[in-house]
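Colleague: For the record, the sequence lines run as chains A, B, C and D.
Once you know that position 102 of the first sequence is 101 in numbering that gives the first Met the number 0, the rest is easy, because the numbers rise by one and skip nothing.
Once you know that position 139 of the second sequence is 138 in numbering that gives the first Met the number 0, the rest is easy, because the numbers rise by one and skip nothing.
Once you know that position 175 of the third sequence is 174 in numbering that gives the first Met the number 0, the rest is easy, because the numbers rise by one and skip nothing.
Once you know that position 315 of the fourth sequence is 314 in numbering that gives the first Met the number 0, the rest is easy, because the numbers rise by one and skip nothing.
Don't read these hints as lab results, they were simulated from the structure.
Computed list of lysine-lysine pairs in DSS-like fashion (alpha-carbon distance at most 27 Å, straight line):
id: 1; chain 1: C; residue 1: K417; chain 2: D; residue 2: K14
id: 2; chain 1: C; residue 1: K514; chain 2: B; residue 2: K82
id: 3; chain 1: C; residue 1: K417; chain 2: D; residue 2: K22
id: 4; chain 1: D; residue 1: K22; chain 2: C; residue 2: K361
Here are some chain A residues the structure puts well away from chain C; computed CB gaps all over 10 Å:
id: 5; residue: E161
id: 6; residue: Q174
id: 7; residue: E181
id: 8; residue: A204
id: 9; residue: L230
id: 10; residue: K236
id: 11; residue: E321
The beta-carbon is built from N, C-alpha and C at its ideal position, and this holds for glycine as well.
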Amino acid sequence: MDDLHMDALVIGGGIAGMQSALDLGDQGFQVALVERDPSIGGRMITLSKVFPTLDCCSCITTPKMSAVAHHPNIHLYTYCEIQSVQEHGAGFDVSILQKPRYVDISKCTGCRECEYECPITVPSPFDRNLGAYRAIRVPFSTAVPQKAVLDPEYCLWCGKCEQKCPVEAIDFSQQPETFTIEADSIIMATGFDLTPVSTKKEYGAGKLHNVIDPLMMERFLAPTGPYGRVLRPGDGKEPGSIAYVQCAGSRDETLGITYCSRVCCMYAIKQAMLLNGALPMADITIYYMDIRTFGKGYEQFYQNAKAMGVNFVRGKVASIREDADQNPILKVEMTDTGEIVEQTFDLVVLSQGIVPASHPTVSLPLGSDGFISVPAPDSAPCVTGRPGIFVTGTAAGPMDIVDSIVSASAAAAEASAYIRENGSRLEVEKEALYA
Amino acid sequence: MSQSQQPKILILGTLSGGYAGADSTGQSHLDYPPNTYILPVMSPVMFPPEFYLRAFEHGMDGIIVMYSGTDSPYKVEADGTAKLINRAYQLMKERGMDIRRLRLAAICTVCVKPFLKEVNQMNDLLEGIGFVKDEIAAHASAIVTQEAAHG
Amino acid sequence: MPENQQPRIGVYICHCGGNISGAVQCESVAKALKGLPNVTITRTDESMCSDAGQSLIEKDIQELGINRVVVGACAPMLHEQTFRGAVTRAGLNPFLYHHVGLREQDSWVHGHDKTAATDKALRLMSAGVAKARLLQPLDPIRLGAEKHALVIGGGVAGLRAALDIARQGLRVTLIEKSPFLGGRMAQLETVFPTEEEARALLHDLIQKVTAHPNVTIFMGAEVMGVSGYVGNFTIQVKQHSRGVSDDNAEALMSACTQEVPDPFNYGLTKRKVIYRPYEGCYSSTPAVDWDHYDGRPFDVNGWPIELKDEPKSFELNVGAVVVATGFDPYTPPQGEYGFGELPQVVTLPQLIRHLALSKDGKSLQWNGRAVRDVALIHCVGSRQVDGVHQPQEDGQVNNYCSRVCCTASLHMTADLHKRYPELNIYDLHQDIRTYGRGHEEYYRHALEDGVRFLRYNGEEVPEVSPAPQGDSHPVLVKVKDMLTYGEEIEIPVDLVVLAVGFMPRDLHGLDKMLKISRGNDRFLLEVHPKLRPVETAVKGVILAGSAQGPMNIQESLSAASAAAAKVASLLGRGKVELPPFVAAVDVEKCNGTGACVEACVYEGAIALQTFNENGEEVKRAVITPANCVGCGACVAVCPNNAVNVQGWTLAQYEAMVEAIGMDLPAMTEVTA
Amino acid sequence: MTNRVDPTLMRDFKKYGAVGIEKCFNCGTCTATCSLTSNDSQFPRRIIRMAQLGLRDQILGSKEMWLCYNCGKCSETCPKQAEPANIMAAARCYAITNYDTLGIGRLFCRVPLVGGLIAVLLAIFFGAFMYTQRETMSTESLKLFNFIPYEFIHTAGIVVMILVALASLLAIFNMVVRMARANDITIKTITGGARMNWLTAFWDAVVVQPLGQKRYREECDIEENRRVWYLSKWFIHAATMWGFLGLVLATALDYLLEIVGVKATGAAVPIWYPPRLIGTLGGLLFTYGVTVLLVKRWRAVDKAHSYSRPSDWIFLALLWFSGITGFIVEIALYLPRAPIWGYWMFLFHVSVSMTLIFLLPFTKFAHSLYRVVALYFHALKPVPVIEPAKAGTD
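Isolated chain A (complex conformation):
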């Protein structure tokens, strides 16, 4: 591939990255959006509904994905990884690895014939491995681009897909390719991972059958989820009682994570409300230390959940074990009364927090919390320690969707100002931009 020149390169195609790209693109800048996965959409597209409005999540994400895909100024690079970022004047040379899809995306129509033909079933990371898809597939129904991708780890190279493909898009000979984009500025929108709980042996270290993470619950609740309903992964039973363990990966020095992950209170309340709808007979209890519903409309959301009958109990869950029927049993002090209870539930959700996602090779100073450092949050909340590189969304610390979107637009404003002030575009071009 030829070297390309862009005004901005956005790393990460989640909601923050998409919004930054859209804001820059709308202003007339040429933007490259680089995404590690085969589809953009990030974490948000896997969610069910979003707080505090309870809109269906895909109703907000898919139009943005669609807008990104159709934007004349946004150039989408999916299934790509950043290899290196070198300073080049005021801008950067970014070396990018295009991972082989084994599908020619210029030919693929997303008809899914290959997927129907493929004999290999593999667990789907989109569904938090709760569901399965094929070794060759369109990553998920609303994926952008709607193009198939083949997973070489599982593929038997039987060639059935190749025979079936009506447009001869399957290409087993694809190799990883490296290309370079010259960009005047970079926006890091690399997102987050859930805090690992494998070190928390009190919570079963991830080995208990009916203790799940919140993103799994999102998939259960999502209409596009693997089962279309909520069930226990251990035995497929419909849960009659569900508990949320707050701060299961935050504010806990035994995990080495002392910060608040900011979103867990709200997503737990939201899921509780949705569960109330999905399983009207289920008892839902949220065990918490402090309910942190600080955002616009959030406190009312919390009060609504209380009124709806969601049970809020103050006390940090000390331990979880399971009985012979694989029912998780929580032990907790209800600190309001001092009562120590052991409560058996059908399903327990660990409200795990947010840690930085594994980074592409962009060397940037990090804060003590591991997120990208923002040296002057009270004067430039999106500016990192490296000139020309900006940060947005959960790459800069835990953040909810609303705050991520605002921060994404702010990062776009910073980047566009930087491009105007330092960018390598010719003056003429700059003038032309706003002619």
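Start from chain A and add chains B, C and D according to the hints.
Modeller: Chains B, C and D in isolation, oriented as in the chain A frame:
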């Protein structure tokens, strides 16, 4: 049971008021009777009084005009709509229709409770006074009887 | 042109991922609609708004020759634009599209009765189809846009918005109501989490803004009127005189004797009516406090000098307006936690000012005595409960969380502890909400500094009362502490600090002038917290900072930069497009009665013009689209129905009403 | 009842070694982690909370702190690393100090240097005093009571015992009064309730729990027990205690046998001879237990042993020296030739042991008293509350 057996309520909701208020109610997932049909309008100041009569003829048993009133982005909406509705009342009276079938209410974008109140009130009313077609027919037959008596 | 042919209508019903299909039998509705005249195809989809869903429509337009599209999905507010976009991509005029809200107004509110919900969906959809039959292609009104934005408010959000807009190459005018820039941030000492000096950060920002060639600033100025629309707003501004100049300022200030409580210090101190709020403020020229100046002349070297406010009025033409009008701290009513009754009760902002004014001594002094024990009460004016708290003037209570107070309070306790290590601090909270990056550290510090935390239940708030005679302390705070199993704990203190929340500001009609609305919490309302989080329902009017809701400095900065990004997208090209929903006259029907002109209140929107028709002079109504708002006042009064609002015609409404009232043949089958 | 806060107590507690008390944000993990706590006796958080707010009476009236065996699990899991186990230990230290009205306990807990000095001086005093009464050192066989006359040791011992008993009773009285006040305990609590309540409670408080270490063994540190039993926490504690009691029993038996005229005290006897058998086994257990405890504290092997305060060291040192010297004397006694150092060791042993006993109510040793009392009150079945009959019907 088919809704054709229920009295129908037409709601003309402004985009900056009633229609958005109904959306707010929906976002709060608050139930109300389903015999309500909300049409978005820029401003109800566009509807001539005859429009309402024709709507009744088409089987609408109650009409609530949910406008934005003084909060409207349109200067004439508040006074203008009220005048038009008053003229509609005149026409309704002439036809022997219960004027409570047509109501004007100011509903804001987040007026969830007032929205529900209006809808429920109209429903209660219609439960009492029944279908508009019966009312029109009764009036017509009354006129016939009257004329017969005179004639 | 496909749109001029016979209508070929494509009908699409969205499951909305179960949101709609959970209550509405979408397939049945689609099947029933299939039988309607002009309906060429009906489809349902899991998610119409997804790329795949949109492609479906595009494909049908191109392959089946669909020339009218009706989608039944979520509220039009959310996705009407999305589908218009899809229709446009397929080569169809975007206004040959009609959106029916099946989610907020049907499935979400009638979920208990699936049959009724389905019937309603069918009627609404058939109304949509009826309208679609009568849709005509429309073109948006294209207007030049001023590459100039107005920022209202000179606090940190306004300043940041102005700077970022200026940096995008646009002109900005910033107006600030008070004679000085800086807003609430100037009243702070240090900021969390960096512990930088608030004023140093602020002055750095002011320096950048004032030095930027694209920025014009008017202080002591307010908006008196707004007209126009996106791209072309006309703003009437009134600017008060400063009253003094650098030359005579010092002489006048020393001659000035009239003193008033200083709002900058929340009334803790007094200042003269000719004043600077603090040393190093911007502008450094003092100003006269016209609201309080008693009008008496000053005696300067024996000469009586009388000052007069001579406001200047002028107009600004701007393409967009950023509202950065900020917030007010909540002022507790007399008696709430002893406020206004006990001299030992202060608000957090007051204490911040008090500390800024106090010399460092061994102990904190308040009301003439040394403070040994302090109680800090959270959620004053926030998270209020109906029936427990005294409502505001409008009858509402502040049931929102003010977001900033928890960290601000603990930031304060850290400062107190540093300055007065012997001080005992009690923190009475409901939940500690140190959510932000680096905020939990303040909680940790407070704990380690020995701050005692007590947790009260929102419905049983702490009690503040004077201590009985002879007690060691003047005030007693009693609280049912939920961390001590609900036992009543008595805390003797010398000072009670109320962590007051954010109050939405009275904008003196500015919100009305801009036609922007407020939410349930009475803060200014955005269109949608995720889709368009800083934009208002009025195109071209954008929010920045705490006018929209409680925010800390960092969040205000982000919001302000985001607002700047939106302004840049809107005005950068120097032109904007307006929706074509304006009145249009059918000259065939118009016979020049002039009723429409009489009904119209918009200057220059509709007028009678004389035409020559078959050698005869006739009068016909003519619309000027840029001045028409599309209210339709002309429509109702036209005896011939010769005028209609494009896209919202009377005929369309009649057809829709008729469709709602009609029982479709398939209906009984569907809803049986 | 209104509880008035006292900001000084938490600072006080830090002086008793509660290193993390201010860090606690009352999440309740510690209480829910503890296997010994129950709804009638909640700890550690309750104790921490009382200390944070300065509710002195409630702390001094609590039995909860004595139910804790310092297994350290709460400290391992504490999300704020506030060291609740250590706070419990500090609370016990605080209680020992406050129940002792003589002010000696305060020295051991608050002024460890002075405390240590007192212990050393006391031992020297006892040693010197006995040395003045010395007689002959036979080299033929170790005739200990020819060195220091038996009657003298006996009398001195009885005097020490009486003093200790008086001080202990006074302290226990203090404790009981405070506990009764804070928990609404009356005579009825003891006599009322189930039949033989007082007796079953006594059985539980004296035999089942302390001697049998039932709860420590069964409920505390279960995982630990699964490792190797002889290194488990309960066994080490039990070994120390059983060993100590074994030594006391052996001494008492020896004395008893003399009274009934079976043998003379101190006379060499075969290994199977019951007092000697008990004494040897007890000594072995005791030395093992104390040595392991010392090593654990020295190496700070876990949370429970990380924050040793001087009073811990003084107590353990006294225990260890009295145990090890006794054991050495025992060895010397059965050596073919009586070594002279055997006499000095004997003198040392008697002095240290007397010091240990003498300081019982003032050092960490006092926990053995208070724990039994607390366990007794804990074991009492509550008097059933009879709801007053409601007037009228609704």
